[in-house]
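Protein sequence lines correspond, in order, to chains A and B.
Following the working numbering, the numbering of the first sequence begins with 322 at its first residue and continues without gaps.
Following the working numbering, the numbering of the second sequence begins with 399 at its first residue and continues without gaps.
Think of the hints as simulated: they come from the structure by calculation, not from any bench.
Note that the Cβ used here is the ideal one computed from N, Cα and C, for glycine as well.
Check before you lean on any hint, since a few could be wrong.
[Stated by the list, open to error] Derived coverage of chain B by chain A (criterion: at least 3 residues anywhere in the stretch with Cβ under 8 Å from a Cβ of chain A; other residues may be distant):
1) 447-454
2) 722-732
[Claimed, not checked] Listed below are several chain B residues computed to face chain A (Cβ distance under 7 Å; list not exhaustive):
3) Leu457
4) Pro462
5) Ala616
6) Pro629
7) Leu710
8) Glu781
The chain contents come next:
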Amino acid sequence: MSGVGDKIALRHGAGGPAMRQLVETLFAGAAPAGPDVVGLDALDDGAALRVGDRWLVFTTDSHVVTPPFFAGGDIGRLAICGTVNDLAMMGAVVPLGLSLAMVLEEGFALADLERIRDSITAACREAGTRILTGDTKVMGRGEIDGVVLNTTGLGFADRLVRDDGLRAGDVILVTGTIGDHGLAVLAQRHGLDVGAALRSDVSPLNGLVAAALAAGGAGIVAMKDPTRGGVASALTEMAHKAGVGVVLEEAALPVRPAVRAASELLGIDPLLVANEGKALLGVRAVDEKAVLEALHTHPLGRDACRIGRCVAEPARRVVLDTGFGRRLVLEPDGELLPRIC
Amino acid sequence: MLTELPTTRGASLQFRDPARARALLAAIERLTADRAGGAPLSIMHVCGSHEQAIARFGLRAVLPPTLQVIMGPGCPVCVTDAPEVDEAVALAEAGLRVASYGDMLRVPGSGRSLDDARADGARVEVVYGVAEALTAAQAAPDEPLVFFASGFETTAVATAAVLLRKPPPNFLVLSAHKYIPPVMEIVAEMPHTRVEGFLAAGHAAAITGYGVFEPFVARHRIPVVVGGFEPLDLLAGFAKLAELARDGEARVVNAFPRLVSRDGNRRAQQQLWRVFEPVGGQWRGIARVPNGNLRLRPEFAGHDARRRFAALLAAAPPARLAPRSDECRCGDILSGSASPRDCALFGAPCTPAQPVGACMVSSEGTCRIWHEYGGIPRLEIHEAPS
Numbered sequence: 322m323s324g325v326g327d328k329i330a331l332r333h334g335a336g337g338p339a340m341r342q343l344v345e346t347l348f349a350g351a352a353p354a355g356p357d358v359v360g361l362d363a364l365d366d367g368a369a370l371r372v373g374d375r376w377l378v379f380t381t382d383s384h385v386v387t388p389p390f391f392a393g394g395d396i397g398r399l400a401i402c403g404t405v406n407d408l409a410m411m412g413a414v415v416p417l418g419l420s421l422a423m424v425l426e427e428g429f430a431l432a433d434l435e436r437i438r439d440s441i442t443a444a445c446r447e448a449g450t451r452i453l454t455g456d457t458k459v460m461g462r463g464e465i466d467g468v469v470l471n472t473t474g475l476g477f478a479d480r481l482v483r484d485d486g487l488r489a490g491d492v493i494l495v496t497g498t499i500g501d502h503g504l505a506v507l508a509q510r511h512g513l514d515v516g517a518a519l520r521s522d523v524s525p526l527n528g529l530v531a532a533a534l535a536a537g538g539a540g541i542v543a544m545k546d547p548t549r550g551g552v553a554s555a556l557t558e559m560a561h562k563a564g565v566g567v568v569l570e571e572a573a574l575p576v577r578p579a580v581r582a583a584s585e586l587l588g589i590d591p592l593l594v595a596n597e598g599k600a601l602l603g604v605r606a607v608d609e610k611a612v613l614e615a616l617h618t619h620p621l622g623r624d625a626c627r628i629g630r631c632v633a634e635p636a637r638r639v640v641l642d643t644g645f646g647r648r649l650v651l652e653p654d655g656e657l658l659p660r661i662c
Numbered sequence: 399m400l401t402e403l404p405t406t407r408g409a410s411l412q413f414r415d416p417a418r419a420r421a422l423l424a425a426i427e428r429l430t431a432d433r434a435g436g437a438p439l440s441i442m443h444v445c446g447s448h449e450q451a452i453a454r455f456g457l458r459a460v461l462p463p464t465l466q467v468i469m470g471p472g473c474p475v476c477v478t479d480a481p482e483v484d485e486a487v488a489l490a491e492a493g494l495r496v497a498s499y500g501d502m503l504r505v506p507g508s509g510r511s512l513d514d515a516r517a518d519g520a521r522v523e524v525v526y527g528v529a530e531a532l533t534a535a536q537a538a539p540d541e542p543l544v545f546f547a548s549g550f551e552t553t554a555v556a557t558a559a560v561l562l563r564k565p566p567p568n569f570l571v572l573s574a575h576k577y578i579p580p581v582m583e584i585v586a587e588m589p590h591t592r593v594e595g596f597l598a599a600g601h602a603a604a605i606t607g608y609g610v611f612e613p614f615v616a617r618h619r620i621p622v623v624v625g626g627f628e629p630l631d632l633l634a635g636f637a638k639l640a641e642l643a644r645d646g647e648a649r650v651v652n653a654f655p656r657l658v659s660r661d662g663n664r665r666a667q668q669q670l671w672r673v674f675e676p677v678g679g680q681w682r683g684i685a686r687v688p689n690g691n692l693r694l695r696p697e698f699a700g701h702d703a704r705r706r707f708a709a710l711l712a713a714a715p716p717a718r719l720a721p722r723s724d725e726c727r728c729g730d731i732l733s734g735s736a737s738p739r740d741c742a743l744f745g746a747p748c749t750p751a752q753p754v755g756a757c758m759v760s761s762e763g764t765c766r767i768w769h770e771y772g773g774i775p776r777l778e779i780h781e782a783p784s
């Protein structure tokens, strides 16, 4: 396993190049999926199988987060929204149902589990879906850290939206403020008290995406939710797959003041941290206005805006115009660490 | 609803005004336009936070070609030498709790980093600062916690303040703290140095005072400007250095007066020198720097991980120098007299995963940037396929 190393490190799960390299190395032999299947080789948000004139999308996601309860949400809400959003990013905005597997540590407080259950129920209601099946395992004390959740979801898409459809001239929209989830969790982990304004954005996006798709139709050419690795990772992947460049305007990036403050204190760029209730949309320029108007009518899309555009060169790169100059936006490789120097 | 707060679109801060930035860039261009011999003006900053700000705001893409800004030995993580990392790794692998700043984790020692040790089960914890390490020690008073302390005057003062407040006996410090003024002498005395001005770090000078640079300027006849970290601070600092260089004026200018005074923070200086003593030591890929390393004084032996675990550290396998490290050109690159392409190690064996010299360690290091982008990216944008 050249380049991967002989042991798994945390960076192999961080959503960046190390993780892609690991997956590609482990599953390099996987056959291309064929015309009626979007499979593992596509490394998209989920898989899709053609069924009649529609696509059955399915996706799975395991959730670990420290701390399990954070400002604005908890691991239960995260587990539901993560899978609902992965379905939505491929155009499946009506989830047929979810599975939920729980792995619990011996000694985990029942009251905490009930809190997580309540939050799962509430998130399912918001997303208009249900848990249809599940599984429970308990491991010995110290063998696992508290609670791990896995969710799998199914849904139909009338039109499959992939993450590789960008071309020069398209615009990049974001459905709201960036950096909220990642910085809320990081600040809490490092005991940084920046007040109640720093909250995770974890939310199910299927309703919002449905509104955008209804307005934009085939003009929405690519979607991705910027979770681990943030906007930087998601756009880098989209630019790579499509062979285009993306130019972001820093002055257009919507960032809450509390998020900006925490990011400057910790030395962590809001472009690099996870969002759990935002989507990036690649849209043909002629459809930008209609899509933005549709997003603005939805409560989760009030801060939606254009943050950048696709260009021919530099291909496969994301460039940030800071207003002072330009720099490349690199996706993070490994966990985000507060810097000293 | 999460959306009730007003949201900033971009920067509206006083020190982030793009129009004033353009005016300063024009001034820099004017001040460096008529240089004898046509060589660009080379100035050096000695601070990772300066490089971070330059990179973050994309300033290199818009500086005129007549100004070359060199990243000096100012990133404490980069210049932490392999044997210092080896000590931390040895303590972690011996089963001790080790806490450090996040960006220290990936810095390789002679063989391994703290991150590698952690993957093998060692208890390595990321802390945001010394206070968080102290809290971790207080929470588990029965076992030692080693804080692997790096950074310059700025962070050393914070470590000193904690040690002066009688921390619990299980709180130990493995100091890799370093002191900047002596390394400026090293750079100024490098035989091929082309550095015509230094931008000194505003936060460090807030402690030492800008007066600390006056003897240096008198000795080497090179101007020093103390600068801040906002884009306009940086550009104003560059413009001032360009002006001083054009006029042949060697003096110290304080371009960060909202924080820096001539005398600095005397109380912080007292605390720093009560706890630490300067000793000579190797800076990775640069040189042995007399008085460049800060070590705990004997009065703090009880909290000094080097003394407390001397036997354990002595038993650890001896540090090996990275292969061919004698060929490393970091010193020349940092002095502005060579580019990464002039180095035989660049790309192989020296890579971001296995760096030999300081310039390949940090994501802001010159060699690292060249390695990632094949040279300094011009970032020309073409809207449509040609």
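Results of checking the hints against the structure:
1. 447-454: holds (count 4)
2. 722-732: violated (count 0)
3. Leu457: At 5 Å from the nearest chain A Cβ, B:Leu457 passes the 7 Å test, so the hint holds.
4. Pro462: 12 Å, violated
5. Ala616: Result: violated, 28 Å to nearest chain A Cβ.
6. Pro629: At 5 Å from the nearest chain A Cβ, B:Pro629 passes the 7 Å test, so the hint holds.
7. Leu710: For B:Leu710, the interface hint is violated, since the closest Cβ of chain A sits about 24 Å away, which is over 7 Å.
8. Glu781: With a minimum Cβ separation of about 5 Å from chain A (threshold 7 Å), the hint on B:Glu781 holds.
When held up to the earlier numbered hints, the structure conflicts with 2, 4, 5, 7 and fits the remainder.
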